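K.L.:
As a plain string of letters, each chain reads:
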Amino acid sequence: MSKIDRRLAELGIILPKPWNITIPANLAASLVRVRGKSVFVSGHVPIAADGSPAGPFGRVGAEVTPEQGQEAARLALIGILASLKAKLGDLDRIGAWLRVYGMVWGAPDFAGCPAVLNGASLAIHDVFGPEIGDHARVAIGVAATPFNAPLEIEAQLELA
Amino acid sequence: MSKIDRRLAELGIILPKPWNITIPANLAASLVRVRGKSVFVSGHVPIAADGSPAGPFGRVGAEVTPEQGQEAARLALIGILASLKAKLGDLDRIGAWLRVYGMVWGAPDFAGCPAVLNGASLAIHDVFGPEIGDHARVAIGVAATPFNAPLEIEAQLELA
Amino acid sequence: MSKIDRRLAELGIILPKPWNITIPANLAASLVRVRGKSVFVSGHVPIAADGSPAGPFGRVGAEVTPEQGQEAARLALIGILASLKAKLGDLDRIGAWLRVYGMVWGAPDFAGCPAVLNGASLAIHDVFGPEIGDHARVAIGVAATPFNAPLEIEAQLELA
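As you go down the protein sequences, you meet chains P, R and E in turn.
Just so you know, we're using the numbering used here here: the first sequence kicks off at 1 and counts up by one.
Just so you know, we're using the numbering used here here: the second sequence kicks off at 1 and counts up by one.
Just so you know, we're using the numbering used here here: the third sequence kicks off at 1 and counts up by one.
It is possible that part of the hints are untrue.
Stated by the list, open to error - Among the chain P residues that face chain E by a calculated CB cut under 10 Å, a handful are: (1) Lys-3; (2) Ala-86; (3) Gly-89; (4) Ala-107; (5) Pro-108; (6) Asp-109; (7) Gly-119; (8) Ser-121; (9) His-125; (10) Gly-129; (11) Asp-134; (12) Ala-144.
Said to hold, decoys possible - As a list, the in silico DSSO-like pairs of lysine-lysine whose alpha-carbon atoms are at most 30 Å apart: (13) P:Lys-3 <-> R:Lys-3; (14) E:Lys-87 <-> E:Lys-3; (15) E:Lys-37 <-> P:Lys-37; (16) E:Lys-37 <-> P:Lys-85; (17) R:Lys-37 <-> P:Lys-37; (18) E:Lys-17 <-> R:Lys-87; (19) E:Lys-3 <-> R:Lys-37; (20) P:Lys-37 <-> R:Lys-17; (21) P:Lys-87 <-> E:Lys-37; (22) R:Lys-37 <-> E:Lys-17; (23) P:Lys-3 <-> E:Lys-37; (24) R:Lys-37 <-> R:Lys-3; (25) P:Lys-85 <-> P:Lys-17.
No wet-lab data here; the hints were simulated from the structure.
Owing to the predicted nature of the structure, the values given are computational and were not obtained by experimental measurement.
Here a beta-carbon is modelled for each residue, glycine too, at the ideal position from N, C-alpha and C.
The shape of chain P in the complex, shown without the other chains (with noise of 0.2 Å):
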């Protein structure tokens, strides 16, 4: 078992199927691309234990809470490693994150992103520690995101 896989496990946090990516859109776009040693993430939304998008949808402030926005943004980040999973076969290949760029759907004039958006870049610490987790972030309100989920989320990541 990977260390990752075991840290996960350490966490309850369980993986979901990668986004299914036809359901209810086809996507002429890789949901992870790697080259070399860089790794470039899609703007994934939260993702329900089946890959599908996971509610609630709406806005952060009106039909989303901001506690509903944390855990949306945790979700994101969970399908994110889904994702990741899939794509590189095993998460201890990941020697650091470098970017995640969060774009929340808030109600008019909601300035809350940051706090939104920690709950992407706590999970993170949680399972890569402090000096693989590390990451720069941008925490940015849109006025519109696939599927009207609470809000999206991109990476950018290097491999070991």
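Starting from the known structure of chain P, fit chains R and E onto it as the hints suggest.
P.N.:
Below, chains R and E alone, put in the same frame as chain P:
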């Protein structure tokens, strides 16, 4: 004739003049930044043959239909190819597409950004094939674009 | 005295304290992530001398004028320099700016993002010159920013 130029001719794609950034606003940045093998492409709106922003203008899902949005994404991508050719001299120097970041100016609650951005992703695959053309992608709704363009596309690539 | 410090003094630019991310929200990420020669800078709002978010606050084109927006972009960039200096020790270690991603919180239909972001791009060129300072850029309108700042800037650089 380079391989990619031949492929563009086969597909009937004629590159526009590179985006004329003095129409109508000066840009204190470069359209393409190359450093070592890394290539960073500035946000590009759809470009007409003369290098000026191409219509239709407005929000996808309102003034602009989703089908027109898809064509706009294709035009923005072809404009990126023009900028890349002006900078690199030869598009055969491109070794890999890595990341495409698509920003759609949509009507309120317009959630069809991924399908719109497929217009760009499919063009990349048509011209460069599945290995060089593979890329991670984000498709998000933004609140505004330069020139009221329906969308804007940023990209990162690697030289061969 | 380093070359860039001397240039900052010539230009009369005094770096603020690095962004105090505990005012008012904790951030579970780093302001700057360095890995090898790659430098990823988190989204920065305009920063005052004491490291707190600097006003004016609000939407460009509404509560904040485009000229104030341009100055806000300059302040966000100078705040990024403060974070870079705190992380790198010496700004002369910067070999190249690569990418600047500018997110403007604008009034509905505000399309003047590129001119606003020039406030940051011109400051980069003033301080680092055209070779090191050259960069690709995106200037886009977003639906919300942390602290209701008029804009936020993310960047990627490379060490010498």
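K.L.:
Now tell me, hint by hint, if it's right for this structure.
P.N.:
Now the hints, each set against the structure:
no. : hint                  : result
1   : Lys-3                 : violated (20 Å)
2   : Ala-86                : violated (24 Å)
3   : Gly-89                : violated (22 Å)
4   : Ala-107               : holds (9 Å)
5   : Pro-108               : holds (8 Å)
6   : Asp-109               : holds (7 Å)
7   : Gly-119               : holds (9 Å)
8   : Ser-121               : holds (4 Å)
9   : His-125               : holds (7 Å)
10  : Gly-129               : violated (13 Å)
11  : Asp-134               : holds (5 Å)
12  : Ala-144               : holds (9 Å)
13  : P:Lys-3 <-> R:Lys-3   : violated (45 Å)
14  : E:Lys-87 <-> E:Lys-3  : holds (17 Å)
15  : E:Lys-37 <-> P:Lys-37 : holds (13 Å)
16  : E:Lys-37 <-> P:Lys-85 : holds (26 Å)
17  : R:Lys-37 <-> P:Lys-37 : holds (13 Å)
18  : E:Lys-17 <-> R:Lys-87 : violated (38 Å)
19  : E:Lys-3 <-> R:Lys-37  : holds (27 Å)
20  : P:Lys-37 <-> R:Lys-17 : violated (35 Å)
21  : P:Lys-87 <-> E:Lys-37 : holds (26 Å)
22  : R:Lys-37 <-> E:Lys-17 : violated (35 Å)
23  : P:Lys-3 <-> E:Lys-37  : holds (27 Å)
24  : R:Lys-37 <-> R:Lys-3  : holds (20 Å)
25  : P:Lys-85 <-> P:Lys-17 : holds (10 Å)
Checked against the numbered hints listed earlier, the structure breaks hints 1, 2, 3, 10, 13, 18, 20 and 22; every other hint is satisfied.
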